[in-house]
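Trainee: Using the sequences plus the hints, can you model the full thing?
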Amino acid sequence: MGSLLRKATTYDVLREHGIDRRRFVKFCTMMAAAMGLEATVVPQIVEALETKPRLPVIWLHGLECTCCSESFIRSSHPIAQDVILNMISLDYDDTLMAAAGFQAEENRKRIMKDYAGQYVLAVEGNAPTADGGVYCTVGGETFLSILQETAENAKAVIAWGSCASNGCVQAAKPNPTGAKPVHKLISHKAIVNVPGCPPIAEVMTGVLTYILTFGALPELDRYGRPKMFYGQRIHDKCYRRSFFDAGQFVESWDDDGAKKGWCLYKMGCRGPTTYNSCPTFKWNNGVSYPIGSGHGCIGCSEENFWDNGPFYERLTSIPVPGIESTPNEIGTVAAGAAMVGVGLHFISSMARRATQKKEEAPDKEGR
Amino acid sequence: MATRVVVDPVTRIEGHLRVEAMLDERGVIKDAMSSGTMWRGLEVILKGRDPRDAWAFCERICGVCTTVHALASVRAVENALDVKVPPNAEIIRNIMFLTQQVQDHVIHFYHLHALDWVDIVSALKADPAATSALAQKVSPSWPLASTGYFKDLAGTLKKFVDSGQLGLFQNAYWGHPAYKLPPEANLMAVAHYLEALKWQKEIIKIHTIFGGKNPHPNYLVGGMASAISMQSDNAINMERLNYVKGLIQDAMQVVENMYIPDLLAVASFYTDWAAIGGGLGNYMSYGDIPQNGIGDVSQFRMPRGVILNKNLSEVLPLDLTDAGQVQEEVAHSWYEYPEGKGALHPWDGVTVPKYSGPKPPYKQLDENAKYSWLKAPRWKGNAMEVGPLARMLVGFASGKTEYKDVVTEALGALKVPATALFSTLGRTAARGLETKLCVHWLMAEYDKLIANLKAGDSATADTARWEPSTWPAEAKGYGFTEAPRGALAHWIHIKNAKIENYQIVVPSTWNASPKDSKGQHGAYESALLNTPLADPKRPLEILRTIHSFDPCLACASH
Amino acid sequence: MSTAVPEFDPQEIALHPEDYFRRQLVWQLPVRITHWVNAACLIVLFLTGLYISHPLLAPSGEAVRHFVMGRVRQIHFVAAMIFTVSFLARIYWFWMGNAYSRSGFPYVWRPEWWKDLFRQGTDYLRLERGHAHLGHNSLGGVAYTLFVIFLGWCQIFTGMAMYSESNPGGFLNRVFGWVLPLLGGSFTTRMWHHAFAWGFVVFAILHVYIILYDSTQYGNGLITSIISGYKFYQKGDFKED
Ligand code: HEM
Ligand code: HEM
Ligand code: NFV
Ligand code: SF4
Ligand code: SF4
Ligand code: F3S
Ligand SMILES: [Mg+2]
Numbered sequence: 001m002g003s004l005l006r007k008a009t010t011y012d013v014l015r016e017h018g019i020d021r022r023r024f025v026k027f028c029t030m031m032a033a034a035m036g037l038e039a040t041v042v043p044q045i046v047e048a049l050e051t052k053p054r055l056p057v058i059w060l061h062g063l064e065c066t067c068c069s070e071s072f073i074r075s076s077h078p079i080a081q082d083v084i085l086n087m088i089s090l091d092y093d094d095t096l097m098a099a100a101g102f103q104a105e106e107n108r109k110r111i112m113k114d115y116a117g118q119y120v121l122a123v124e125g126n127a128p129t130a131d132g133g134v135y136c137t138v139g140g141e142t143f144l145s146i147l148q149e150t151a152e153n154a155k156a157v158i159a160w161g162s163c164a165s166n167g168c169v170q171a172a173k174p175n176p177t178g179a180k181p182v183h184k185l186i187s188h189k190a191i192v193n194v195p196g197c198p199p200i201a202e203v204m205t206g207v208l209t210y211i212l213t214f215g216a217l218p219e220l221d222r223y224g225r226p227k228m229f230y231g232q233r234i235h236d237k238c239y240r241r242s243f244f245d246a247g248q249f250v251e252s253w254d255d256d257g258a259k260k261g262w263c264l265y266k267m268g269c270r271g272p273t274t275y276n277s278c279p280t281f282k283w284n285n286g287v288s289y290p291i292g293s294g295h296g297c298i299g300c301s302e303e304n305f306w307d308n309g310p311f312y313e314r315l316t317s318i319p320v321p322g323i324e325s326t327p328n329e330i331g332t333v334a335a336g337a338a339m340v341g342v343g344l345h346f347i348s349s350m351a352r353r354a355t356q357k358k359e360e361a362p363d364k365e366g367r
Numbered sequence: 001m002a003t004r005v006v007v008d009p010v011t012r013i014e015g016h017l018r019v020e021a022m023l024d025e026r027g028v029i030k031d032a033m034s035s036g037t038m039w040r041g042l043e044v045i046l047k048g049r050d051p052r053d054a055w056a057f058c059e060r061i062c063g064v065c066t067t068v069h070a071l072a073s074v075r076a077v078e079n080a081l082d083v084k085v086p087p088n089a090e091i092i093r094n095i096m097f098l099t100q101q102v103q104d105h106v107i108h109f110y111h112l113h114a115l116d117w118v119d120i121v122s123a124l125k126a127d128p129a130a131t132s133a134l135a136q137k138v139s140p141s142w143p144l145a146s147t148g149y150f151k152d153l154a155g156t157l158k159k160f161v162d163s164g165q166l167g168l169f170q171n172a173y174w175g176h177p178a179y180k181l182p183p184e185a186n187l188m189a190v191a192h193y194l195e196a197l198k199w200q201k202e203i204i205k206i207h208t209i210f211g212g213k214n215p216h217p218n219y220l221v222g223g224m225a226s227a228i229s230m231q232s233d234n235a236i237n238m239e240r241l242n243y244v245k246g247l248i249q250d251a252m253q254v255v256e257n258m259y260i261p262d263l264l265a266v267a268s269f270y271t272d273w274a275a276i277g278g279g280l281g282n283y284m285s286y287g288d289i290p291q292n293g294i295g296d297v298s299q300f301r302m303p304r305g306v307i308l309n310k311n312l313s314e315v316l317p318l319d320l321t322d323a324g325q326v327q328e329e330v331a332h333s334w335y336e337y338p339e340g341k342g343a344l345h346p347w348d349g350v351t352v353p354k355y356s357g358p359k360p361p362y363k364q365l366d367e368n369a370k371y372s373w374l375k376a377p378r379w380k381g382n383a384m385e386v387g388p389l390a391r392m393l394v395g396f397a398s399g400k401t402e403y404k405d406v407v408t409e410a411l412g413a414l415k416v417p418a419t420a421l422f423s424t425l426g427r428t429a430a431r432g433l434e435t436k437l438c439v440h441w442l443m444a445e446y447d448k449l450i451a452n453l454k455a456g457d458s459a460t461a462d463t464a465r466w467e468p469s470t471w472p473a474e475a476k477g478y479g480f481t482e483a484p485r486g487a488l489a490h491w492i493h494i495k496n497a498k499i500e501n502y503q504i505v506v507p508s509t510w511n512a513s514p515k516d517s518k519g520q521h522g523a524y525e526s527a528l529l530n531t532p533l534a535d536p537k538r539p540l541e542i543l544r545t546i547h548s549f550d551p552c553l554a555c556a557s558h
Numbered sequence: 001m002s003t004a005v006p007e008f009d010p011q012e013i014a015l016h017p018e019d020y021f022r023r024q025l026v027w028q029l030p031v032r033i034t035h036w037v038n039a040a041c042l043i044v045l046f047l048t049g050l051y052i053s054h055p056l057l058a059p060s061g062e063a064v065r066h067f068v069m070g071r072v073r074q075i076h077f078v079a080a081m082i083f084t085v086s087f088l089a090r091i092y093w094f095w096m097g098n099a100y101s102r103s104g105f106p107y108v109w110r111p112e113w114w115k116d117l118f119r120q121g122t123d124y125l126r127l128e129r130g131h132a133h134l135g136h137n138s139l140g141g142v143a144y145t146l147f148v149i150f151l152g153w154c155q156i157f158t159g160m161a162m163y164s165e166s167n168p169g170g171f172l173n174r175v176f177g178w179v180l181p182l183l184g185g186s187f188t189t190r191m192w193h194h195a196f197a198w199g200f201v202v203f204a205i206l207h208v209y210i211i212l213y214d215s216t217q218y219g220n221g222l223i224t225s226i227i228s229g230y231k232f233y234q235k236g237d238f239k240e241d
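Line by line, the protein sequences are chains A, B and C.
Taking the working numbering, I'd label the letters of the first sequence as residues 1 to 367.
Taking the working numbering, I'd label the letters of the second sequence as residues 1 to 558.
Taking the working numbering, I'd label the letters of the third sequence as residues 1 to 241.
Derived from the structure by calculation, the hints contain no laboratory data.
In this text the structure is predicted, and so the values were computed from the model without any measurement.
Glycine included, C-beta positions come from ideal geometry on N, C-alpha and C.
Among the hints, erroneous ones may be present.
[Stated by the list, open to error] Which chain A residues stay away from chain C? Per the calculated CB distances, all over 10 Å, these:
{"#": "1", "residue": "Ala130"}
{"#": "2", "residue": "Lys173"}
{"#": "3", "residue": "Lys358"}
[Claimed, not checked] Heads up, simulated DSSO-like pairs for lysine-lysine below, C-alpha to C-alpha not over 27 Å straight-line:
{"#": "4", "chain 1": "B", "residue 1": "Lys158", "chain 2": "A", "residue 2": "Lys113"}
{"#": "5", "chain 1": "A", "residue 1": "Lys180", "chain 2": "B", "residue 2": "Lys415"}
{"#": "6", "chain 1": "B", "residue 1": "Lys180", "chain 2": "B", "residue 2": "Lys415"}
[What the hints assert, rightly or not] Label pairs and their computed distance ranges (CB to CB):
{"#": "7", "chain 1": "C", "residue 1": "Phe77", "chain 2": "A", "residue 2": "Leu220", "range": "26 to 32 Å"}
{"#": "8", "chain 1": "C", "residue 1": "Gly219", "chain 2": "A", "residue 2": "Ala354", "range": "15 to 21 Å"}
{"#": "9", "chain 1": "B", "residue 1": "Val350", "chain 2": "A", "residue 2": "Leu220", "range": "40 to 46 Å"}
{"#": "10", "chain 1": "A", "residue 1": "Glu149", "chain 2": "B", "residue 2": "Gly342", "range": "49 to 55 Å"}
{"#": "11", "chain 1": "C", "residue 1": "Phe171", "chain 2": "A", "residue 2": "Lys113", "range": "47 to 53 Å"}
{"#": "12", "chain 1": "A", "residue 1": "Lys358", "chain 2": "C", "residue 2": "Arg126", "range": "54 to 60 Å"}
{"#": "13", "chain 1": "A", "residue 1": "Lys173", "chain 2": "C", "residue 2": "Ile33", "range": "28 to 34 Å"}
{"#": "14", "chain 1": "C", "residue 1": "Arg65", "chain 2": "A", "residue 2": "Thr332", "range": "33 to 39 Å"}
Mentor: As structure tokens, then:
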């Protein structure tokens with residue numbers, strides 16, 4: 001159905017939407033601003049959206065909770081409708097697609113063939129690797145094999161959320177299904193990690209827009225995350241930072257400090273060790289973010305954040321298997337042991353000196 | 001011989017569901033199998049952790065019904081530790097709960113279920129002027145109904161289809177004989193699909209205000225972390241509360257002037273589905289929306305109870321702590337129970353995975369062996385259906401006037417008898433009717449919050465039992481809620497301030513469960529029986545009935 | 001000639017046989033300065049570090065009027081920078097100083113080093129005076145290498161990595177940033193930094209006690225040596241004597 005000869009560009013579709021060129025350019029400018037890009041790239045975005053057909057996207061779901069998809073549809077600039085109808089062609093997505101069963105799988109296979117090397121593979125969730133991958137199957141095949149097969153001819157891979165980028169909750173100890181993040185299962189592919197549980201909607205659409213505009217992945221940091229969204233710690237942009245520096249902390253839930261919006265550091269806030277855009281973009285179109293609503297950050301975009309708990313403690317056990325003590329517990333035991341050792345040595349040396357004196361004493365008397 | 005129809009993946013749901021249906025010669029479903037094909041092991045992962053953290057782990061069971069697991073979890077811990085949350089915290093939780101209910105139901109109707117009834121391709125043939133007339137007739141107060149509006153939309157749709165990149169709409173069952181809406185109704189539905197997509201991100205801001213983000217807002221054992229202070233620009237204050245109120249008002253518009261009219265309009269074309277997909281006839285609701293603390297079941301807005309064999313004249317009591325009532329079996333599930341154990345109450349629950357299905361890639365599962373990652377929960381040995389329909393029926397049968405009114409009104413509008421409720425259509429309609437109740441309760445809970453604040457109470461958390469040093473060496477608790485998809489409960493066993501055992505029994509576990517040791521089907525399986533398929537290669541009818549439950553498989557198998 | 005385990009040159013003693021007690025400059029000025037700078041920094045770092053981890057003071061009123069946590073962190077960072085410089089200076093002096101400045105090095109491939117380690121250990125355990133040293137004995141060498149050099153590097157790398165986080169892409173971040181992923185992220189890096197901090201406490205306890213013990217046992221003026229630089233030895237301490 002429909003002609004495959006002519007593919008509408010984003011601009012075409014927007015124009016059909018009754019959006020004129022001036023508003024279209026404004027749309028591009030806003031998008032650039034949202035991505036933290038210089039105004040000079042706006043013409044490039046305009047050109048990309050005017051001339052490029054919609055980017056084919058295959059969106060796979062593995063071991064996950066679908067909240068990344070839910071976050072995605074909450075995007076405000078651009079709104080999800082514009083992304084799905086005008087910017088990308090979401091050709092496969094179990095959660096939203098109309099087709100089901102083998103017809104759905106047909107869609108995936110067709111895109112893999114017709115758009116080899118051109119489609120983007122977006123992965124939500126990760127793959128279980130234990131016991132032959134039986135903990136997640138789709139259409140009778142393991143998700144692991146589907147993931148690897150679909151990545152084969154992808155132009156790039158987007159790892160949505162902490163599941164796909166870091167493993168997330170199912171990979172928390174003892175990781176009963178052997179869940180592994182995408183970058184540990186796919187090699188020789190450009191992969192962009194977009195961590196967060198879930199990631200912020202505008203970060204997700206921002207990454208897609210960037211890829212669509214520039215035909216390449218954004219600049220990545222050491223963890224394969226786009227620098228423009230994960231370059232800074234929550235703590236360094238947090239509006240409660242002045243309370244942190246002042247030393248004004250919430251000491252217990254709903255206390256006076258909590259009502260005044262003081263720093264949540266002592267309630268276990270992971271802002272000082274977490275990289276994400278929450279304080280700048282905020283959530284759900286700038287309404288708030290975890291700290292803004294009185295709960296500490298739990299570090300949901302960081303590797304292994306589930307195993308860095310308890311979330312309400314500042315100090316948790318040091319990351320050595322078998323050790324379940326905090327640095328302070330270990331430290332006080334070690335220092336205590338040193339004190340005891342020193343004490344024992346001191347006592348025995350005093351005792352020794354006393355006996356030596358006794359031995360010497362008759363000698364002296366005999367002289 | 002019988003043909004076997006396999007639908008895998010079942011799409012437009014959350015998670016990984018496989019359905020196999022066995023048809024007789026006439027194409028009627030004679031046996032059906034519902035299989036959850038993923039498992040993550042949350043119950044195993046939770047062991048040994050801090051009970052105060054459990055809500056965050058549990059919340060990640062599902063991002064679609066996000067918050068309900070967090071809610072059940074904090075309630076379970078509070079129950080174990082005997083913590084009573086302050087009234088404000090209870091009201092805020094009710095507001096967040098109702099927000100979730102409303103948002104999730106609307107998304108389900110428009111984005112997950114609608115395409116079972118709405119043929120997008122047929123919408124191309126619609127006349128914008130006629131669509132406008134239809135829209136104004138269906139809902140006189142909904143503003144977006146001009147000819148120009150529908151003309152723009154028709155143009156967009158055409159351009160989209162002509163582009164050749166059909167995206168999400170590629171290769172579905174368009175043109176299937178079971179689609180009955182006229183083109184104009186289809187076009188209107190497409191318009192509202194997009195309107196609902198835009199609106200769902202607004203209503204959910206209520207979660208963001210109180211919980212900091214959505215999906216996965218924050219909860220807290222003992223109350224809520226969002227402190228309230230009218231004197232502060234750094235807490236829940238008047239500006240935030242007004243924001244919430246505005247969002248609730250918008251939600252009322254959407255539900256009353258878009259969702260409910262659409263639902264009734266679509267349903268009126270499909271009254272034949274009031275006789276299909278009934279299934280078990282056993283319904284259960286744990287109840288929720290406490291008005292006087294979670295311990296006072298009699299004061300819930302959503303009542304608790306059990307209905308067996310469609311008998312609306314009797315609502316049976318239920319007790320989540322009774323070892324003989326809620327139990328889980330694994331006769332057809334890929335788990336192992338200790339020697340000699342057949343059914344376990346969740347406090348004694350065991351989660352040890354043991355896959356014994358065919359080696360992937362496989363073509364079919366064996367209905368006589370184990371075939372799902374879902375356990376099979378049963379109430380006093382009965383398979384139960386849970387969800388909006390169960391809640392409406394329990395409310396209706398309990399004689400609650402709010403429930404009686406909406407149900408009677410809808411039955412009258414559709415000119416169908418009360419028995420029509422026991423069906424696929426009944427399930428879909430009940431969800432809409434419940435949403436209507438929920439938006440009103442949302443405003444009522446908001447007003448309660450304001451009244452409580454006016455009375456000078458701004459407490460949001462009780463921290464007397466925050467420190468583990470104040471806890472008993474051992475404690476057991478349970479927490480429940482009525483999630484969008486139905487009755488949800490978590491059972492926790494705390495020992496030495498750590499989680500000793502944690503068991504989760506989820507609405508979709510009840511509904512999508514495999515058979516039990518007695519061979520009793522779960523609700524999905526049972527609802528599929530006796531459904532005729534017009535075209536076994538395009539089993540639209542299976543999708544309709546399965547979708548009417550709003551499946552969530554990440555929830556179901558966790 | 002500088003030897004690995006520097007024992008006092010017997011020829012020196014042979015030149016002045018009449019002297020029963022000998023005084024010898026062991027710790028050159030840079031060693032003494034870095035010793036006290038390091039010791040002071042470590043005390044400040046440990047205390048401010050603990051404070052950062054568990055801030056106690058709770059000033060009331062407007063946030064702009066206070067800078068308690070910020071000040072403690074500033075002190076921690078200033079001490080950290082001084083410590084780092086002093087630490088590096090001491091390492092530089094390892095090569096540039098006299099033989100004793102190198103005496104801490106664990107020469108694990110030399111049998112004599114192991115013999116000395118064993119002998120010193122048993123001397124301490126049997127509470128006997130035993131063999132005298134002017135530089136570090138093998139046991140002290142192990143302690144300094146593990147507790148000071150190794151932990152010092154650990155703290156500097158983890159600390160600098162954390163410090164660099166507030167200026168992503170900056171110089172320090174480029175030099176030390178790799179530590180964070182290596183240790184499993186920013187949070188776990190912080191836990192390690194905190195755990196390592198206790199290593200210095202354990203060292204300080206053992207160190208100060210051994211100094212006191214050694215000093216009385218051998219009568220070698222060890223305590224004052226780290227101020228004056230001079231250690232004493234008794235006639236007969238060195239067997240060629
Ligand atoms: C009562 C205070 C102290 C005294 C009298 C003292 C004395 C000494 C002496 C005599 C030495 C030479 C040791 C030997 O020959 O084995 C030494 C070395 C050392 N001390 Fe201390 N010390 C004191 C406190 C500390 C503290 C608190 C620290 C740091 C935690 C420290 C760190 C070191 C280090 C790192 C060395 C090796 C020095 C080098 O070779 O550069 N000292 N100290
Ligand atoms: C060598 C001895 C040192 C000790 C004993 C020490 C101790 C500590 C301790 C106990 C903490 C608190 C950790 C927590 O939050 O639980 C800390 C924090 C920190 N230390 Fe150190 N530290 C040392 C050296 C350094 C060095 C060389 C640096 C380099 C700049 C450094 C930088 C930091 C930073 C950046 C923090 C985090 C402060 C914050 O984010 O507020 N430390 N230190
Ligand atoms: N089933 C289920 Fe949920 C719901 N509603 C949870 O309790 O969806 Ni994900
Ligand atoms: S990253 Fe978090 S939010 Fe996204 S799918 Fe995984 S668990 Fe859900
Ligand atoms: S609330 Fe958290 S992120 Fe914000 S300043 Fe305090 S510790 Fe840092
Ligand atoms: S918990 Fe996650 S949402 Fe942001 S504030 Fe922390 S990274
Ligand atoms: Mg369970």
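Trainee: Each of the hints needs a verdict: does it hold here or not?
Mentor: Hint check:
no. : hint                            : result
1   : Ala130                          : 22 Å, holds
2   : Lys173                          : 13 Å, holds
3   : Lys358                          : 15 Å, holds
4   : B:Lys158 x A:Lys113             : 26 Å, holds
5   : A:Lys180 x B:Lys415             : 54 Å, violated
6   : B:Lys180 x B:Lys415             : 18 Å, holds
7   : C:Phe77 x A:Leu220: 26 to 32 Å  : 29 Å, holds
8   : C:Gly219 x A:Ala354: 15 to 21 Å : 19 Å, holds
9   : B:Val350 x A:Leu220: 40 to 46 Å : 43 Å, holds
10  : A:Glu149 x B:Gly342: 49 to 55 Å : 40 Å, violated
11  : C:Phe171 x A:Lys113: 47 to 53 Å : 49 Å, holds
12  : A:Lys358 x C:Arg126: 54 to 60 Å : 18 Å, violated
13  : A:Lys173 x C:Ile33: 28 to 34 Å  : 48 Å, violated
14  : C:Arg65 x A:Thr332: 33 to 39 Å  : 35 Å, holds
Figure legend: structure checked against the earlier numbered hints; hints not met, in rising order: 5, 10, 12, 13.
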